[in-house]
Amino acid sequence: MNLLEQKFTPETWPEHPETYTQEGKNKFIGFWLFLAGETVLFASLFATYLALKDSVPNSDHALAADIYSLELVFIMTAILLTSSLTSVYAIYHMRNYNFKQMQLWFFITVLLGLSFLALEIYEFTHYVYEYSFTFGSSAFSSAYYTLVGTHGAHVCFGLGWITALIIRNQKRGLNLYNAPKYYVASLYWHFIDLVWVFIFSVVYLMGMLG
Amino acid sequence: MNKQELRAQYEYRRRKSAEGMRLQLISFGLMAFLTIISFLAVGYGLPKSFVVPILLLLASVQALFQLYYFMHASEKGHGMVMFFMYSAMFVAFITVLCYMTIIWW
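Line by line, the protein sequences are chains A and B.
Residue 1 is where the first sequence starts when you use this note's numbering, and the numbers rise one by one after that.
Residue 1 is where the second sequence starts when you use this note's numbering, and the numbers rise one by one after that.
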């Protein structure tokens, strides 16, 4: 029987199902290489933001310290950090060959990700309507929206990806074909949280300091 | 391998992964703690020259926790991929340094 479709028991399931097959090993190394590329992408956006922070044409425009709200960012941070932990739980259950628990924890991760996204949409619309802080209003606002928006787009993509995995494999159960898929999706999700750590520290907290 | 050996090996693995999960929870607690310190440092209005280095340090520590625990980089077989990541971090550092010094308006 094909190794990829073989049925396992918790006892016979390999300790590292994500890299047990050649396919899994390739996905693992390729995906980390992609994440290294993403690191450089975000570095250039952070660099642009830092270089253009508070660069506005005149004093009518809002500056970083005027618009950011500590409470909202704290809630968003707490949600995303928790969602990172829930996807760790999902992978823990994957390695123990517990398909139902894995699906459940990935589902919780998606719910948390959605609430993060909802808060971000609220935040952006608030800036636009309260402070006329739009994408095109200044070099500062363009740099801000490009950086934080690219992160938000990653959250969006990650949600679609994990949701697709949950639905697509609902009836298949766990095997060596989909274990690497779930594993790299969780790596992606952690990476999104890693980038957010720098966004809340460098953009929001340092922005509040003026 | 006979059934009994398989069972013993399985139970050993379950204990090991439960132990691993405990470490993950501890690192989550630490990351939450570091996050709260960062927010408090800004919320209390301490001087900027004092807070900025702390924020950067705490963010870097959190990033390492995320990589080594949540993303399992402390497990075997991550040498090559961490080489990718550290190279990327090096390029990231140079990029940020360059933009911040070359753009003056």
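Rather than coming from a laboratory, the hints here were simulated on the basis of the structure.
One or more of the hints may lead you astray.
[What the hints assert, rightly or not] List of simulated lysine-lysine pairs, DSS-like, C-alpha gap at most 27 Å:
hint, chain 1, residue 1, chain 2, residue 2
1, B, Lys-16, B, Lys-3
2, A, Lys-171, A, Lys-100
3, A, Lys-7, B, Lys-16
4, A, Lys-181, B, Lys-3
Evaluated hints:
The suggested pairing of B:Lys-16 with B:Lys-3 holds, with an alpha-carbon distance near 20 Å, which does not exceed 27 Å. At most 27 Å may separate the alpha-carbon atoms for a hinted pair to count; A:Lys-171 and A:Lys-100 meet this at roughly 11 Å. Simply put, A:Lys-7 and B:Lys-16 have alpha-carbon atoms about 23 Å apart, close enough for the 27 Å limit, and the pair holds. Straight-line distance between C-alpha atoms of A:Lys-181 and B:Lys-3 comes to about 30 Å, which puts the hinted pair past the 27 Å bound.
In terms of the numbered hints stated before, the structure departs from hint 4 and from no other.
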